[in-house]
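**Q** Sequence:
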Amino acid sequence: MKNFLIDQKMVNLVERLRQIEKITVREIIGALNVALASRDVRIESKQDFDDFLHQVCEYQEQDE
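Counting from 1, one number per residue, gives the positions in the sequence shown under the numbering used here.
If you are wondering where the hints come from, they were derived from the structure by calculation, not from laboratory data.
Note that beta-carbon positions come from the ideal geometry of N, C-alpha and C, so glycine has one too.
Any given hint could be a false lead.
[Stated by the list, open to error] 27 Å max Cα-Cα, derived DSS-like pairs, lysine-lysine:
(1) K9 to K22
(2) K46 to K9
(3) K2 to K46
(4) K46 to K22
[To be verified] Simulated DEER-style distance windows between Cβ atoms:
(5) F49 to Q19: 14 to 20 Å
(6) T24 to D63: 15 to 21 Å
(7) C57 to A31: 16 to 22 Å
(8) R39 to R16: 17 to 23 Å
(9) R16 to Q62: 28 to 34 Å
(10) S45 to R18: 18 to 24 Å
(11) K22 to E64: 28 to 34 Å
(12) V25 to L5: 18 to 24 Å
(13) M1 to E21: 17 to 23 Å
(14) E61 to R26: 24 to 30 Å
(15) K22 to Q62: 29 to 35 Å
Build the full structure now, drawing on both the sequences and the hints.
**A** Quick look at the structure:
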């Protein structure tokens with residue numbers, strides 16, 4: 001499993017992307033990969049995307 005180094009900024013981006021009505025999963029992954037580029041990591045597969053979302057959920061649970 002890749003470590004995506006989730007922080008509040010990344011969580012905010014995910015929440016903003018979820019609010020866009022007509023956005024495809026491909027577009028979401030593209031936007032996330034732009035943000036992740038500075039961290040030298042990419043979402044390259046469905047498993048990566050699932051792992052990324054799982055890490056976002058874990059971060060949010062820790063923050064509560």
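**Q** Which numbered conditions among the earlier hints are violated in the structure presented, ordered from lowest to highest?
**A** 6, 9 and 13
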